[in-house]
Amino acid sequence: MEKMNLQKAAENWKFFMAFVRKEFHHIFRDKTSMLILLVMPILMLVLFGYALNTEVKNSKFAVYDPSKDEVTRSMVEKLQINNYFILKKVLNNASEAETAFKKGEVSMVIVFSDHFYENLLHGGYAQIQLLADGSDPNTASIITTYASTILSSYQLELMKIGKIPYQITPEVKLLYNPSMVAAYNFVPGVMGMILLLICAMMTSVSITREKERGTMEVLLVSPMKPLYVILSKAVPYFFLSLVNLATILLIAHFIMHVPIAGSLFWLLTISLVYIFVCLTLGLLISTIVDTQMAALIISAIGLMMPVMLMSGMMFPIENMPVYIRWISDIIPARWYIEAIRKLMIMGLGFKAIIQELSILVGMGIILIVISLRKFKIRLE
Amino acid sequence: MSKHDPILMPDDTVILARDLTKTYGDFTAVDHINFEVHKGEIFGFLGANGAGKTTAMRMLCGLSKSSSGQAWVAGYDINRQTEQIKKRIGYMSQKFALYEDLEVWENIRLYAGIYGVPEREIGPKTDELLHRLGFENEKKVLVKSLPLGWKQKLSFSVAIFHEPSIVFLDEPTGGVDPATRRQFWELIYQAADRGITIFVTTHYMDEAEYCDRVSIMVDGRIDALDSPGNLKKAYGAKNMDEVFHQLARGARRKG
Chain A
1 MEKMNLQKAA
11 ENWKFFMAFV
21 RKEFHHIFRD
31 KTSMLILLVM
41 PILMLVLFGY
51 ALNTEVKNSK
61 FAVYDPSKDE
71 VTRSMVEKLQ
81 INNYFILKKV
91 LNNASEAETA
101 FKKGEVSMVI
111 VFSDHFYENL
121 LHGGYAQIQL
131 LADGSDPNTA
141 SIITTYASTI
151 LSSYQLELMK
161 IGKIPYQITP
171 EVKLLYNPSM
181 VAAYNFVPGV
191 MGMILLLICA
201 MMTSVSITRE
211 KERGTMEVLL
221 VSPMKPLYVI
231 LSKAVPYFFL
241 SLVNLATILL
251 IAHFIMHVPI
261 AGSLFWLLTI
271 SLVYIFVCLT
281 LGLLISTIVD
291 TQMAALIISA
301 IGLMMPVMLM
311 SGMMFPIENM
321 PVYIRWISDI
331 IPARWYIEAI
341 RKLMIMGLGF
351 KAIIQELSIL
361 VGMGIILIVI
371 SLRKFKIRLE
Chain B
1 MSKHDPILMP
11 DDTVILARDL
21 TKTYGDFTAV
31 DHINFEVHKG
41 EIFGFLGANG
51 AGKTTAMRML
61 CGLSKSSSGQ
71 AWVAGYDINR
81 QTEQIKKRIG
91 YMSQKFALYE
101 DLEVWENIRL
111 YAGIYGVPER
121 EIGPKTDELL
131 HRLGFENEKK
141 VLVKSLPLGW
151 KQKLSFSVAI
161 FHEPSIVFLD
171 EPTGGVDPAT
181 RRQFWELIYQ
191 AADRGITIFV
201 TTHYMDEAEY
211 CDRVSIMVDG
221 RIDALDSPGN
231 LKKAYGAKNM
241 DEVFHQLARG
251 ARRKG
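Chains A and B are the protein sequences, given in the same order.
Per this note's numbering, the first sequence starts with residue 1, numbered consecutively.
Per this note's numbering, the second sequence starts with residue 1, numbered consecutively.
Bear in mind the hints are in silico, worked out from the structure with no lab data behind them.
These numbers come from a predicted model, not from an experiment.
Think of the CB as a built atom: it goes at the ideal place given N, C-alpha and C, for glycine as much as any other residue.
Warning: the hint list may mix true and false statements.
Said to hold, decoys possible - Not the full set, but computed from the structure, chain B residues with beta-carbon under 8 Å of chain A:
1. G62
2. L63
3. F96
4. A97
5. G113
6. Y115
7. G134
8. N137
9. K139
Said to hold, decoys possible - Think about it this way: if two alpha-carbon atoms lie no more than 30 Å apart in a straight line, the pair counts; the simulated DSBU-like pairs of lysine-lysine are:
10. A:K78 <-> A:K60
11. B:K39 <-> B:K65
12. A:K103 <-> A:K57
13. A:K225 <-> B:K139
14. A:K14 <-> B:K144
15. A:K211 <-> B:K238
16. A:K211 <-> B:K144
17. B:K125 <-> A:K8
18. A:K225 <-> B:K125
19. B:K238 <-> A:K225
Pulled out of the complex, with its shape left as it was, chain B reads as follows (with noise of 0.2 Å):
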């Protein structure tokens, strides 16, 4: 098999993490951890702060080296492949991540291009995304002047305009309120309704009601995945509040 080819993965399977490991010199950040993610499915990856989750997904994007263990994302080797992930991938950082002080076509355009999404295709789905968002008229205005909450949808579809086959999310709604969180959320539904696979991560315990499966990280380990339902039921609770809190109970390191 060469280098560039695709690893034999299940076909419904777009993430697969093997014993994926991340160390600074004596610190364990990311502890072998094993999963899958299904194609088109929204994965909650959760954990208190410092549990690892950001570390294990910047691994995942490619802005980061594993120190052992292997993963793949969309069939290529995360160590070996960055450069095909990344055509494949879109990601939401957990800053707001637009250019302020370009307008919101602007904005559009260059990640567009940055992504290589063929520029007759550009101006047509610039328009299309706008009316489906209902930004018509705040095609030429700057971004700084839009509410946080308008940046944030912006900024997700954005993420996902050029179509990957993943988009990762890494706590997309700090600090913005719960109506328009819900908000948010129907645009996920929508983008894993056309196939897009979502990974996201979170501290609001309400949105992993809304996942798929969660995976719910303590000290660099994944204590728990399943859906929320049956984590529920196994952990004889009312709501993913109190399954995460079980789980954190035992962490050594505390956010």
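Next up, chain A with everything else stripped away, as it sits in the complex (with noise of 0.2 Å):
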């Protein structure tokens, strides 16, 4: 008896793996599914990276400086010498400061009041105003913070060498990314991602096309069973996806100077159980949907724009509305790169990821149980 079960479960294996082999003659022959595989993982991690990238360089800036005295000059001098500004205009009037924007000439204008130096000298107070384009918000915000950090920190030099009496300096230290480096933001977000999409998108859509194509209705006359087709067609997915953590992971480290601070033994942890939440939910969707098309709409609607807005990835959770939190606490990414930052940038632990890893642990226990109940349903 234990015999017969012995060579039943060998040949299942061997049913099973001749379906994965299958599965993977479907990849290695679609030149669409290759480009989208080993291309544009590549692809996104430079366009966000490096092309997107919201570090702020080279940034020309205008002054007006009616007072022209030592500190004024110093303050412009040292914007300049490093490599974040560039001096492009001095305009002879405050009213000069739209029009150099209008022409696009600048993105920041810096003026500064009358009597600038002896004003901060006899009554510790003078003005400095940083006029920024604000129809890119994001590039403005992050260029004034430059140029105030800067401007702050030559008046607490100032302050030391007792030219000026009395100063209070806000002090402005950004934590983990001193530079600011934008690529460190955005591996952790480009990788949740990248995983979402190859694991929950392919996989959807190469199931839909097997129930469009009619060959999963033989499958499913036939001996083998239901589950291991589901099943093989995970596989291969989850092996290109392994391939793709590490090509980023190798990319984002040696050229990209992302570190790894933490453990790397919990940051692939994370990422294989992250990649069984998004395995599970293509599943899910094969199951919900019969064609491609719709499948293929629903992984970049209803998974990949969540995750573009919602996640963390590009904007600040902390900054949304109570409602839109809610939303982006039920995105597996929005936990995967939350504990990819920790992991990566600030070097945390395990200890700093539980939360975050038995979140998903439960996301992908609860979403294996609805998508196999709900694939039984459908042979009914």
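Got two chains here, each in a separate frame; can you build the complex from them with the hints?
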């Protein structure tokens, strides 16, 4: 009896492997699949890491300086000596600022008050105005932050050498990403998105393709267990997402110089859990819809958009309205991205990601139960 | 009698349906049908679109559960012993169902594997099959580059590769020219000669003439069941087309 079970298990394993091989054939013989699987992750990483860079270098600025004293001149110099800012223009009056913005010549204008140094020296109070083009609020806020950081550190210097008697300098310190390198922020996000794309979208599309072409029906009539059919679909994408994970980590670390400060073991563990969650999402989608197009649209709109907008990949979750934050709580990528930030960039350990890891494990269990149930119902 | 024993059916009966019914809410798709199919027979399952023939066939194959009534396929209960049935039947769906991006031999291998054909038999049997079909040179060709008629022949041969006792064919010759259809039917005869029972749905009435017996479904019921010759006599018709139209005229559901 036991021997028969063993033989049966071996047989099942053989079917299963034959199926996995077949899935690899499907993927390797389809140029579009190959392109999506191997080129897109790298493209996305480069796109988000470099092209859509929120880091601002070589920003051109103009100065209106009616005071023209020692301090204002050296402040402008301070701005120029690092590679964030280039002095493009000296304005003769404040109203020229608008023209400079409109022509697109500059992205920031610094306006000093009259008698700047005198006021600073005697009243301990002088005004600087930083004007930025708010039509691109992201860039505007970043360059004004840079500029005020530079200016306040100069004020600090002045205070130390006793030139000005009294000054309160707001201290701005950026934790974990002191130079505000954008790649740090985007790498975890891109990882969350690529893995979701490959696992959920590709799996659901490949299952619905079999439904569309009628091969699924033939498989369901066959003695092959439906569970094996579904699992064999997921296996190749599991391996390919591991390849992608490795590629992203290598490029991020060695080319974009993103640190892997925390535990690599937990980084890989939580990635595996996340990949599993994404695969079950793909299975769930394929049990709901019958066409490849529908699977594609659901993955793109139902999964990708929320991940881009609400997972904290692009916009901080803390700034979102409460109800959007509720939605973001049920997006697996949100927890994954947060955990990856903690592990890679902050260099925290297992204890810091217990919450994220357990939420992802829970999501995976719930999703696999639902999708297996749903798949069975479809056979009735 | 234990659950897994086949029921005692007359030796030559491979399908037996007793009041087999499928309802979807108020709609009765298949309405208490009774019939039997004998071993080695070519059984034509006819009906207009929507008459319930696909639903009935899906129940027999284990793709769909019956609402009431019983049926046995190859001696096993369709509601409780689907696993046993699945090993003993072949199935060719309406849609062409081989993998277009796999080579001819890869498709054969895959399906042979699924149906548990022993590893060592697959190779020689594949070569023999390709020889019989005259496809020797197409062994390593992607299926998508074959003409439709060839694909259908291949699809049928794959469906009976594991020597099932019954093969279910769901409108197998859709969209093929009459000459290719005749070639296809030659394959069906060859299979029937080997003792494989053929259960085939079709809406080509010339094909109905090739069957040993045909049943005609109207509104979920089987309204006629006999050999084509007897049916033509009973309805005073020149051909099966006329028989079919006389019966279908009374249908409430139109396809």
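Contradicted hints - numbers only
7, 8, 9, 15 and 19
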